[in-house]
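Participant: In case you want the letters, here they are:
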Amino acid sequence: EDKVVQSPLSLVVHEGDTVTLNCSYEVTNFRSLLWYKQEKKAPTFLFMLTSSGIEKKSGRLSSILDKKELFSILNITATQTGDSAVYLCAVFNSGGSNYKLTFGKGTLLTVNP
Amino acid sequence: GAVVSQHPSWVICKSGTSVKIECRSLDFQATTMFWYRQFPKQSLMLMATSNEGSKATYEQGVEKDKFLINHASLTLSTLTVTSAHPEDSSFYICSARTSGKYEQYFGPGTRLTVT
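From first to last, the protein sequence lines stand for chains A and B. Sequence positions in the first sequence follow the numbering used here and run 1 to 113. Sequence positions in the second sequence follow the numbering used here and run 114 to 228.
What the hints contain is simulated information worked out from the structure, not anything from laboratory work. Some hints could be false.
A few chain B residues facing chain A, derived, Cβ under 10 Å [unchecked claim]:
1. SER122
2. VAL124
3. GLN155
4. TYR215
Quick reminder that beta carbons are idealized off the backbone N, C-alpha and C, glycines included.
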């Protein structure tokens with residue numbers, strides 16, 4: 001069974017702190033790993049990672065994938081209250097003729113002023 | 114680019130009635146659309162995958178006769194919850210991808226409340 005495990009499940013920090021969110025996976029026919037940010041509505045896309053060791057960066061957020069150890073991390077530096085959200089990790093894999101996205105349970109990040 | 118819309122964003126219906134939710138890709142061709150359900154404080158659970166012009170593939174435990182999915186065009190998929198019950202109340206989210214690409218873009222979701 002395909003599995004995506006995120007840790008920690010929740011995290012409370014103060015503005016300005018740096019956080020690291022973890023995602024490990026066990027899936028067949030791995031294609032890519034995606035990070036999403038979910039506030040009140042549907043998830044918004046952050047990053048897609050397909051190659052090991054290549055950091056993707058967008059402002060204060062960055063992410064990297066290790067395909068040998070089967071995990072990814074999402075870093076947020078200088079956190080702001082607007083970063084408070086659930087961060088979802090999902091792995092895109094193929095099975096038969098279909099591709100599907102398997103989600104982790106998410107990490108609830110709360111950034112206090 | 115890559116915008117997905119859903120309609121309605123919020124619906125209340127009576128037990129026993131049917132509700133249709135639309136999912137549209139606005140600026141790309143969605144060869145595959147996915148329907149998810151999310152209960153409060155839980156992650157997204159995939160309900161079904163549909164490829165344009167084909168029958169949807171349902172995940173284990175999802176009743177295909179209750180959750181009817183139609184993906185008749187490259188920009189529109191619909192999910193019909195038939196004979197809705199209060200336990201069907203949830204947040205339903207669609208997403209779409211185009212052939213050859215792995216990114217998946219999500220609609221804003223539809224909150225269904227069955228009374």
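Participant: Now tell me, hint by hint, if it's right for this structure.
Facilitator: Hints, verified against the model:
1. SER122: With Cβ-Cβ at 9 Å, under 10 Å, it holds.
2. VAL124: violated (15 Å)
3. GLN155: Holds, because the Cβ-Cβ distance from B:GLN155 to chain A comes to roughly 7 Å (cut-off 10 Å).
4. TYR215: At 4 Å from the nearest chain A Cβ, B:TYR215 passes the 10 Å test, so the hint holds.
Of the numbered hints stated above, the single one contradicted by the structure is hint 2.
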